[in-house]
Structures are given as structure tokens and as C-alpha cells.
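Build the complex from these two chains, which are given one at a time in their own frames, with help from the hints.
So the sequences go chain by chain: A and B.
Heads up, the first sequence is in this note's numbering, so the first residue is 76 and it goes up one at a time.
Heads up, the second sequence is in this note's numbering, so the first residue is 9 and it goes up one at a time.
Just so you know, these hints were derived from the structure itself, not from any lab.
All C-beta atoms, glycine included, are put in the ideal place defined by N, C-alpha and C.
Between beta-carbon pairs, the in silico distance windows are:
id: 1; chain 1: A; residue 1: G190; chain 2: B; residue 2: I115; range: 15 to 25 Å
id: 2; chain 1: A; residue 1: S169; chain 2: B; residue 2: T37; range: 53 to 63 Å
id: 3; chain 1: B; residue 1: A102; chain 2: A; residue 2: V132; range: 24 to 34 Å
id: 4; chain 1: A; residue 1: T206; chain 2: B; residue 2: T108; range: 43 to 53 Å
id: 5; chain 1: A; residue 1: A146; chain 2: B; residue 2: T37; range: 46 to 56 Å
id: 6; chain 1: A; residue 1: T206; chain 2: B; residue 2: A123; range: 30 to 40 Å
id: 7; chain 1: B; residue 1: T46; chain 2: A; residue 2: T206; range: 40 to 50 Å
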Amino acid sequence: MDHRSVDQAFPPEPTIRQSAAILLAAVLMAVVTAGCDGETPTTPTDTTTTTSTTATVAEATISESFSGRVAVGGAAFYSFTVTANGTVTLTLTSVGGAGVPNTVWLAIGLGTPSGEDCGIGSSVNTASGTTAQLTGTYAPGVYCARVWDIGNLAAPASFGLTIAHP
Amino acid sequence: MRREFLFALAVTAVVPACGDDAPTSPSTTTVPTTTTVTYVTTVPLGGSRFYSFTVSAAGTVSAMLASVASPITGAPLAVPLEMSFGTPAGTDCAGEQFVTTDAALGIQLTTSLPAGVHCLRVADAGYLRDAARVAVRFTYP
Chain A
76 MDHRSVDQAF
86 PPEPTIRQSA
96 AILLAAVLMA
106 VVTAGCDGET
116 PTTPTDTTTT
126 TSTTATVAEA
136 TISESFSGRV
146 AVGGAAFYSF
156 TVTANGTVTL
166 TLTSVGGAGV
176 PNTVWLAIGL
186 GTPSGEDCGI
196 GSSVNTASGT
206 TAQLTGTYAP
216 GVYCARVWDI
226 GNLAAPASFG
236 LTIAHP
Chain B
9 MRREFLFALA
19 VTAVVPACGD
29 DAPTSPSTTT
39 VPTTTTVTYV
49 TTVPLGGSRF
59 YSFTVSAAGT
69 VSAMLASVAS
79 PITGAPLAVP
89 LEMSFGTPAG
99 TDCAGEQFVT
109 TDAALGIQLT
119 TSLPAGVHCL
129 RVADAGYLRD
139 AARVAVRFTY
149 P
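Isolated chain B (complex conformation) (with noise of 0.2 Å):
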């Protein structure tokens, strides 16, 4: 019989625990979001342009230099420009991060911003040699 006690014993020992977990509060999953913009403008000789938009939230944000051309013929122009991200002020954008680029097909410009309000600006560093017509694309969240 005591065989059989420990038998019984050991079966209700298998019996799972009861559960007295307490509520857990639902998680919320953010996804995050990305704006690409794809800027064409025309870069006056000695001059620039920027392009204002609005960080929702704080993140990385890049730029590429898709392509440089003549705004007469469009042939492609192997000229480098100035790129930029800042802050508008005044009548123009007050750059923070630079880089001087080529156009290729890749991120040449990439850092982190702030949530607000931010600008891209493209201008000539120098080498133009007439008014150049520009593609720039960027992302921002």
C-alpha cells in the first residue's frame, strides 16, 4: 500500500502550479517610418539650393547625389557639389554635416538628427562651371 501511496503522491506532484500571474499590460510595437524625397533643383553657378522638411522623430537620416547634368542638354556633368543637412535660417540653410560629392548611386551623406525642423542643401563647391540641374534623394524619419 505505501508503494501505492508514493505512486499517487508523485502523480499529483506532476500537476501543474496554479497560475496566479498578474495582468500583463499590453506592449505597443513601433514601426518606424521613413520619408524618401527625391529633390530636383537647379544649382546656380556659385550658388545653392536647399529643401526643408520636418524630422518626426529623432533618427538617421541620409542623402545620396544621384545625378549631376547640364540643365541645356542634360548630359551628365562629372562635377562635384557641396551636400548638406542643417537648420533654415534666414534665406538660406545653415549647413551642419557636409560632404563634397560626386554623383553616384550610394549613401554619401548620413547622420543623426533631432525631431524638428531640418534642411538639405546642395551647392556649388567651386568646380561649376555654368548652373547644373541636380537630383538628390534622402530619407529622414
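This is chain A alone, in the form it adopts within the complex (with noise of 0.2 Å):
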């Protein structure tokens, strides 16, 4: 039997002082990683702040007129920027034309231009009148205000519309 093949096989048993200096390794890991508390991660919190605001709701200070023609069943728009959060009042002030009585209704109502047309977000039927038909409060930006039969035309009308704006 060759000896030292077996020998080579296992290595040699640790001698004191190599065990002595593991063990001191041991309990030195052991007191650092003792100060690691398990913290587990928390979760962040969302912190809302509420503020109050008091919006500042400004009067018509520009008026524009619009004259147009309505076909039978079509519309009209016309496009307008309000520079201040305010009150924004459509007028229908006269409609007509030949076979087109001055009592006739049509619709008026404001919206935002989009595509070809006028997206409308209130509207209002009416005869036309002096006093403002529909009264709104936009915040600044570019608006639109259309007219349209609503299928009381027998022929083209035309018609004059107020639009006071801030």
C-alpha cells in the first residue's frame, strides 16, 4: 500500500493555530454583521398637499361679431382665444334671409375647434335676441363657437352672432 498517495488524497488535519484563527474569523464576522439590522425596504409614501385656490373668474372684456351663413342643415364656426379664466356669453342677434323668417331657432354653442369642425361642449337652441343666450366660464385657451340648424330651415339663413370673451 502506497502511503503517501493517501496522503495526498485527504488533506492534512488543521493545526491548533489554524483553528484558533478560523475561529477568530468566525466571531469577528459574526460581531461586524451583528450591527446590520434586517430592515426591510420601505415603501414610499405619497404626501398629497391640498392647497386652496380661489380662481379668478374675469368679465367679457372683447367682443367679436360673426355673420355667417347657415346652410340647410349645415353650420358655421368661428374660432376664438380667451388669454384669461372668464365668462365667455354667445348672442344670437339676428337671423334671416330670403324664405327664412327672423323668429326661426337654431342651435349656438361653444366648444373647442378639432378636425373640420367645431367639438361642441354646451349648446343652447334659440331664436335670436338681445341678451346673451348662453353664458359659460373657460379657462384660457382657443375656443369655438358654432351655429347650426337644428332642422327648422327651408333655405340658407344667415345670421349675426356676438361672441364677449375675455
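Encoded structure:
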């Protein structure tokens, strides 16, 4: 039996000094890592700040006149820019034309220009008059006023619309 | 024994430091989205047409006059038209960035616009001899 080959297959027993060194290392690691508290990650919290604001509603200071023509079953619109949060009013001041009684009702509306038309947000059916028929409060931006036939026209109608806005 | 002590000390030195990191806030990655519109309309002789759109966030808009053709025969017309970005005003679109161009497969007009309502306008630049059927492809954020 070759004793040398057996000695090479099994590593020698650690000496007492080596064992002491390993034990010392283990103790030191335990001491160092003992300071690590097992904190779990906290979930960030969202802070919601509630602010109270009072919106100022500006009065209409600009008046624009839109004179147009509505075909039978048709519509027309006019774009304008509101520069401050405030009141916008529409007044259908006149409706007329050959074969169109001046008492005929049309629809008027306020909205936002979209595509080739005006996307309406609010509207009212009305005859012409001298007081505003449609009022709303709008933030600064680009808007449009639209006039259209609601099925009452037998011939194209001319109209006058006054748009007042800040 | 001193050598073994130094070895043990060295082993402990490589132990990673305790993490005391503060929680990080989750980050939000916003992927910009764009809208592409192909606007097909007929520009009358000496006239114009426009299309309104809403830019949701400030960014770059671009337009390409894709085709100009006869509305009757459909034959292509080698006629330049005026194309512009602007703001709807009254019964028109008040152009702010203009270009006069022939139809081509490439961006002919690009600019930056703030969020809000804008419009793209196509108009006869004085070269039309009759109405023209046009297609404009434009992109906005």
C-alpha cells in the first residue's frame, strides 16, 4: 500500500493555530454583521398637499362679431382665444335671409376647434335676441362658437352672433 | 498566532458594509406618444382649408404634403401649395410657420408648438388653375 498517495488524497488535519484563526475570523464576522439590522425596504409614501385656490373669473372684455351663413342642415363656426379664466357669452343677434323668418330657432354652441369643425361642449336652441343665450366660464385657451340648423331651415339663413370673452 | 490574527482581520474587512440606504422613490418613465393624421381635403382656387388639433404636451410637429391631384381625374398635379401651422382664429387658421412646397415623400415643415389647440392650413400659393385634391400627413404630440 502506497501511504504517500493516501496522504495526498486527504488534506492534513488543521493545526491548533489554524483552527484558532478560523474561529477568530468567524467571531469577528459575527460581531461585524451583528450591527446589520434586518430592515426591510420601506414603501415610499406619497405626500398629498391640498391647496385651496380661489379662481378669479374675469369679465368679458372683448367682443367679436361673427356674421355667417348656415345652409339647410349645415353649420358654421368661429374660433377665438380666451386670454384669462372668465365668462364667455354668446348672443344670437339676428337670423334672416330669403324665405327665413327672423323668428326661426337655430342652435348655438361653445366648444373647441377639432378637425374641420368645432367640437361642441355646451349648446342651446334659441331664436335671435338681444341678451346672451349661452354663458359659460372658460380657462385660457382657444375655443369656438358654432351655429347650426336644427331642422327648421327651408332655405340658407344668414345670422349675426356676438361673442364676448376675456 | 499574529499571522493568523491578521488573516482573520483581513477576512472581516471584506465583509460588505451594512446597507443603510434610504428608500428610493419610484421613477415614472413617460413614453411620448404622437398622433398622426392624414388630412385629405379639396383646396379651392385661391382658397384654403385647415384642420384643428390639440397638442397635449409641448413638442415637435411635422407635416408632409403627400399628394396634390385633380379632384376630377385624380391625376397628380405638379403644383406647389402653401402649408402652415398656426392657431384657429375667426373662420380661418392664422398661420405662423409657413412653407411653399410641392408634394413629396418627406417632411417639408417642422416646428415646435406648445400644448394647446393649433391648426394645419393648406392654401393655394397662387399656382393653382383649378381646385386641387390634397393629402397632408402630419404628426403632433
